[in-house]
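**Student:** These protein sequence lines map, in sequence, to chains X and F.
In terms of the working numbering, the first sequence is numbered consecutively and its last residue is 392.
In terms of the working numbering, the second sequence is numbered consecutively and its last residue is 95.
If you are wondering where the hints come from, they were derived from the structure by calculation, not from laboratory data.
It cannot be assumed that every hint is accurate.
According to the in silico footprint, chain F covers these stretches of chain X (three or more CB under 8 Å from chain F) [what the hints assert, rightly or not]:
id, stretch
1, 95-108
2, 201-210
Not close to chain X: a few residues of chain F, all C-beta gaps over 12 Å, as computed [stated by the list, open to error]:
id, residue
3, Lys10
4, Ser11
5, Leu17
6, Ser34
7, Thr45
8, Ile52
9, Ala80
10, Pro84
Within a straight-line C-alpha distance of at most 27 Å, the following computed BS3-like cross-link-like pairs (lysine-lysine) qualify [what the hints assert, rightly or not]:
id, chain 1, residue 1, chain 2, residue 2
11, X, Lys221, F, Lys26
12, F, Lys43, F, Lys6
13, X, Lys281, X, Lys382
14, F, Lys10, X, Lys195
15, X, Lys310, X, Lys342
16, X, Lys344, X, Lys382
17, X, Lys243, X, Lys229
18, F, Lys26, F, Lys6
19, X, Lys204, X, Lys280
20, X, Lys195, X, Lys237
21, X, Lys276, X, Lys344
22, F, Lys86, F, Lys74
23, F, Lys86, F, Lys26
24, F, Lys6, X, Lys204
25, X, Lys382, X, Lys276
26, F, Lys28, X, Lys221
27, X, Lys280, X, Lys310
28, F, Lys43, F, Lys74
29, F, Lys62, F, Lys26
30, F, Lys6, X, Lys221
31, F, Lys43, X, Lys204
32, X, Lys204, F, Lys28
33, X, Lys237, F, Lys43
34, X, Lys221, F, Lys10
35, F, Lys86, F, Lys33
36, X, Lys229, F, Lys28
37, X, Lys229, F, Lys43
38, F, Lys33, F, Lys10
39, F, Lys10, F, Lys43
40, F, Lys33, F, Lys43
No residue lacks a Cβ here, since even glycine has one placed at the ideal position from N, Cα and C.
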Amino acid sequence: MSKTIGLTGDEAIAYAAKQSNVDVVAAYPITPQTIIVEAFSEYVFNGEVETEFVCVESEHSAMSACIGSSLTGARVFTATASQGLALMHEMLYIASGLRCPIVMGVANRALSAPINIHGDHSDMMGSRDCGWIQIYAENAQEAYDWIIQAFKIAEDHNVLLPVTVSIDAYILSHSMEGVQVQGDEETSRFLSTRKPVFTLNPDKPVTVGAICLTDYYFEMKRQQVEALKESFGVIHKVNEEYKDFTNRNYSTIEAYGMEDAEAAIICLGSTAGTAKAVAKKLRSEGRKVGVVKPWVYRPFPTEEILGAIKDLRALAVLDRACSFGAPCGALCSDILAALFQKGKELRIFNGIYGLGGRDITPSDIESVFNEALEAAETGVVKEPVKFIGVRE
Amino acid sequence: MSDSDKPGWKSVPIGGLLLEPGSALKYKTGDWKSFRPIIDEEKCTNCLLCWIYCPDGAIVRKENLVAVDYEYCKGCGICANECPVKAITMEEERR
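The following block holds chain X by itself, in its conformation from the complex:
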């Protein structure tokens, strides 16, 4: 039986983890993710879950404990944000390299310095090449839904990769929404238990983490590339199963108004909600705008994105992180590369916005749509990379 309850983004992630029958949680609290760990430790204290909760002294240790647990065949969950994710950095590569299907909630927060606790995507973008599947939720409902799906995707034998599910700091992590949750038993049935390919078992010994030099390392990395590629099919399959289970529809991207849009915005996370609301208003005034929201950022859904933007005349790419010294933001780089690989041309500009939690308002978004429509009409991009909402 599904029901609607009030949950913040953090609570929605903790609730989904609770229903996923996680064997081990090793986590360290950090703002704005703390509520995930707090809520989960309450479930443990109340006896609502049979999870081994490992209190650790840092995020580096948290991810290390998660990797060890995952290798025994356990279903493992953790959560972090910002500096915590940065401190985990080397272990992130080990988790994916050892093919541990760990699921992690990340409350996206700016990186120091200067210290800041508010939302942007600097933390995730700094980890984008670490071999994890990376999912961005637009609201608490999506965060809940993706955490449950993430276990099924991660643990699939054609994937065996860790997954992050991201929510924007405060805007999602601390804002309460009505979230439709499934019943505990149905969710257990949907997910079943993890069926590991191998485990750390003295009766059937395997060596994990052996040195792998010039003669084999490259092959291991090539396997990871393939596993990420394979994950597309698995993600779509799990989305279908989840739709049968909940009647809620997911995919690698969401396209809004793209069937006839001439100009569009593409962005990650909660900003897509604002963009869709503004697009709805503009469309009611007869202006042909749309929004593309990649739910899945790694692996990069090239085909789906190119399919959604194929009839566009101009596209604004919004990045909530600086890729210092690069020609543009990370999402914009990926889209430009995808278009160029397929020999496609499109008027594109990049808007860097919202660093350190600076608000992006509907009127900011409307100006971006106006510029995109102007570029669509004139065929000219005035400013290839612009900073939205920063004081001169």
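Since the structure of chain X is already known, use the hints to place chain F on it.
**Tutor:** Just chain F, lined up with the frame of chain X:
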């Protein structure tokens, strides 16, 4: 076996996993050495200090003497340094 003869990414276990216990025996680390310990059997008193100190277990005990397992000896020279009767000399490896 040269690297190009080794199995490709499609056929090796994922994640650098080794499914066979004790497979390190197959990895002959002896070809790492640039110096080779030579035991002078006349001087050797079979005190076994070299056998105790060898970090790779590459000193082999025989009936009355010791010998070097050159397939695994990396040529570190600890045995020669520890030998109380200077029975071990390190000679440059030639290939």
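**Student:** Assess, step by step, whether the Cα of lysine 221/X is no farther than 27 Å from the Cα of lysine 26/F, and give holds or violated.
**Tutor:** The hint holds at about 23 Å.
**Student:** Is the straight-line distance between the alpha-carbon of lysine 195/X and that of lysine 237/X 27 Å or less?
**Tutor:** Holds. Lysine 195/X to lysine 237/X sits at ~18 Å (cutoff 27 Å).
**Student:** Against chain X, does serine 34/F keep a CB gap of more than 12 Å to every residue?
**Tutor:** holds (18 Å)
**Student:** Verify the proposed pairing of lysine 344/X with lysine 382/X, using a straight-line Cα cut of 27 Å.
**Tutor:** OK: lysine 344/X and lysine 382/X at ~20 Å, within 27 Å.
**Student:** Checking the smallest CB distance to chain X, is lysine 10/F really beyond 12 Å?
**Tutor:** violated (8 Å)
**Student:** Is it true that the CA of lysine 204/X sits at most 27 Å from the CA of lysine 28/F?
**Tutor:** holds (25 Å)
**Student:** Does lysine 237/X pair with lysine 43/F here, judged by a C-alpha cut-off of 27 Å?
**Tutor:** violated (73 Å)
**Student:** Is it true that the CA of lysine 43/F sits at most 27 Å from the CA of lysine 204/X?
**Tutor:** Not OK: lysine 43/F and lysine 204/X at ~47 Å, beyond 27 Å, violated.
**Student:** Check the hint pairing lysine 33/F with lysine 43/F against an upper bound of 27 Å on the C-alpha distance.
**Tutor:** holds (24 Å)
**Student:** Going straight from one Cα to the other, do lysine 62/F and lysine 26/F come out at no more than 27 Å?
**Tutor:** Measuring from Cα to Cα gives roughly 23 Å; hence the hint holds.
**Student:** Take a quick look at whether lysine 221/X and lysine 10/F sit within 27 Å of each other, Cα to Cα.
**Tutor:** Measuring from Cα to Cα gives roughly 11 Å; hence the hint holds.
**Student:** Check the hint pairing lysine 28/F with lysine 221/X against an upper bound of 27 Å on the C-alpha distance.
**Tutor:** holds (25 Å)
The structure fails hints 3, 4, 5, 12, 19, 23, 31, 33, 36, 37, 38 and 39 (numbered hints given earlier, in ascending order).
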